[in-house]
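Taking the hints into account, I'd like the entire structure generated from these sequences.
First to last, the sequence lines map onto chains A and G. For the record, in the first sequence the residue sitting at position 76 is 76 according to my numbering, with numbers rising by one throughout. For the record, in the second sequence the residue sitting at position 179 is 179 according to my numbering, with numbers rising by one throughout.
Just to be clear, a hint being listed does not mean it is correct.
Straight line, CA to CA, 20 angstroms or less: simulated SDA-like cross-link-like pairs of lysine to any residue [stated by the list, open to error]:
| hint | chain 1 | residue 1 | chain 2 | residue 2 |
| --- | --- | --- | --- | --- |
| 1 | G | K7 | G | D68 |
| 2 | A | K133 | G | F54 |
| 3 | G | K72 | A | M138 |
| 4 | G | K143 | A | G56 |
| 5 | A | K45 | A | V33 |
| 6 | A | K85 | G | K86 |
| 7 | A | K45 | G | R137 |
| 8 | G | K53 | A | D108 |
Because the hints were derived from the structure by calculation, they are not lab data. For clarity, every value in this text was computed on a predicted model and none was experimentally measured.
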Amino acid sequence: MADKMKLGYWKIRGLAEPIRALLAFVEADYEEVVYECGDAPDFDKSCWLDVKFNLGLEFPNLPYLFDGDVKITQTVAIMHYLSNKYGLNPKEFAVHAQCDMLDHVAIDLTNMGTRLFYQPKEAFEAGRDGLVKNAKGMISQFAAFLGSKTYFAGDYITGTDFLVFETIDKYTVLEPTIIEEENLKNWMKRIRELPTMHKYFNDPSTTRNWPLNNKMAAFK
Amino acid sequence: MSSSKMKLGYWKIRGLAEPIRMLLHYAGVDFEEVVYEQGDGPGFDKSCWFDVKFTLGLDFPNLPYLMDGDVKLTQTVSILHYLSAKTGLYPKSSNPADISRYDMIDHVIIDFFLVGVRLCYSPPDAFAANKAAVIERGKDFMKQFSSALGDNKYFAGDDITGTDFLMFEAIDMFVKLDSAFIEQDNLKKYMERIRELPQLQKYFTSPDSTHNWALNNKHASFR
Chain A
1 MADKMKLGYW
11 KIRGLAEPIR
21 ALLAFVEADY
31 EEVVYECGDA
41 PDFDKSCWLD
51 VKFNLGLEFP
61 NLPYLFDGDV
71 KITQTVAIMH
81 YLSNKYGLNP
91 KEFAVHAQCD
101 MLDHVAIDLT
111 NMGTRLFYQP
121 KEAFEAGRDG
131 LVKNAKGMIS
141 QFAAFLGSKT
151 YFAGDYITGT
161 DFLVFETIDK
171 YTVLEPTIIE
181 EENLKNWMKR
191 IRELPTMHKY
201 FNDPSTTRNW
211 PLNNKMAAFK
Chain G
1 MSSSKMKLGY
11 WKIRGLAEPI
21 RMLLHYAGVD
31 FEEVVYEQGD
41 GPGFDKSCWF
51 DVKFTLGLDF
61 PNLPYLMDGD
71 VKLTQTVSIL
81 HYLSAKTGLY
91 PKSSNPADIS
101 RYDMIDHVII
111 DFFLVGVRLC
121 YSPPDAFAAN
131 KAAVIERGKD
141 FMKQFSSALG
151 DNKYFAGDDI
161 TGTDFLMFEA
171 IDMFVKLDSA
181 FIEQDNLKKY
191 MERIRELPQL
201 QKYFTSPDST
211 HNWALNNKHA
221 SFR
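Okay, here's the thing in structure tokens:
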């Protein structure tokens with residue numbers, strides 16, 4: 001019996017949501033292994049910490065992906081693996097390098113928010129406007145790179161589109177008017193209307209409806 | 001007439017660019033260093049970079065950057081992956097399981113690197129207070145790296161890849177923080193093996209080498 005692919009992560013959108021979006025697009029049959037931390041004040045993480053070093057992961061962390069012999073962590077590495085598996089890689093060498101760069105800028109943009117979201121509430125409120133301003137600047141760079149293309153690699157979708165989509169979408173929860181560029185708004189609409197993703201975007205029970213961040217975050 | 005020589009732009013420090021420099025020296029690539037030198041304290045003026053940052057045709061202006069003909073890249077790991085592929089210093093396996101493993105290792109190394117870098121740039125009192133704990137955290141990573149390397153010469157097996165230059169530089173930074181940092185024999189031998197590579201002798205021994213530059217910028221608590 002072949003083991004089903006497994007994606008392990010917290011019961012939040014966080015770093016795993018781009019992976020879930022890609023898997024929804026390709027209609028992959030996989031299992032979510034969900035770790036839910038306890039409530040305040042302890043935010044008990046033992047559901048994860050108790051198993052962390054027993055799963056056969058070389059560098060135990062969340063998210064993780066199990067797929068047969070493959071047991072990997074690191075969001076970008078997981079996205080690259082799945083892009084390759086499902087034929088969502090950039091085709092040309094130079095475009096591949098650019099998409100790799102976009103992937104890492106998306107992670108930088110995500111981390112910029114994460115660093116503030118998990119600060120105490122006062123620090124989060126004090127830094128919120130600055131974060132929105134800096135994020136807008138980076139989102140504009142994505143819009144400029146996209147230009148008049150359909151997707152970031154050109155006229156075909158790649159894993160990069162899912163990583164960038166979720167990265168930016170999270171910021172629209174923080175600030176609904178954060179995207180100023182029409183081309184980027186149209187690209188997001190294009191992705192929302194992909195036929196295989198109808199349930200993912202519209203069914204209230206999907207992971208998209210989970211909090212962005214964990215229970216101890218000032219902004220969830 | 002614009003030069004068609006590859007250009008690598010970064011601060012006048014080792015920092016995130018040094019693994020890229022090592023790879024280029026190892027591969028014998030003729031490239032131009034575009035060096036930005038921060039001003040001294042107390043201002044630590046960065047205008048040499050900020051004045052040009054948005055005029056270079058970079059989609060996501062940042063340091064380090066690489067310009068190679070029409071290709072203009074930022075993001076350390078992306079630059080390393082691009083150059084690894086270009087110079088043949090990438091894992092030879094076409095097995096997706098192997099490829100994803102090395103991709104994962106590169107990103108874990110960056111996590112490890114940034115743990116040390118964040119300490120180095122923290123204010124002096126925080127640096128002193130947190131140093132021991134950060135070294136311990138670094139050593140936790142090292143246990144995992146040692147296990148992943150095993151008996152192999154390099155992380156991808158017998159052949160050196162971009163991953164090894166990233167690993168070398170990250171470990172070397174921690175060794176500067178704590179000379180007894182490396183506890184595992186296989187990692188000690190690994191570091192020696194890289195230091196003794198014929199292709200890197202000039203890089204390691206030349207007094208002008210970037211290897212002799214400070215690790216971190218002037219405003220860091222630990223340089």
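Would you pick out the hints that fail for this structure and give their numbers low to high? As far as the earlier hints go, only 6 is violated by this structure.
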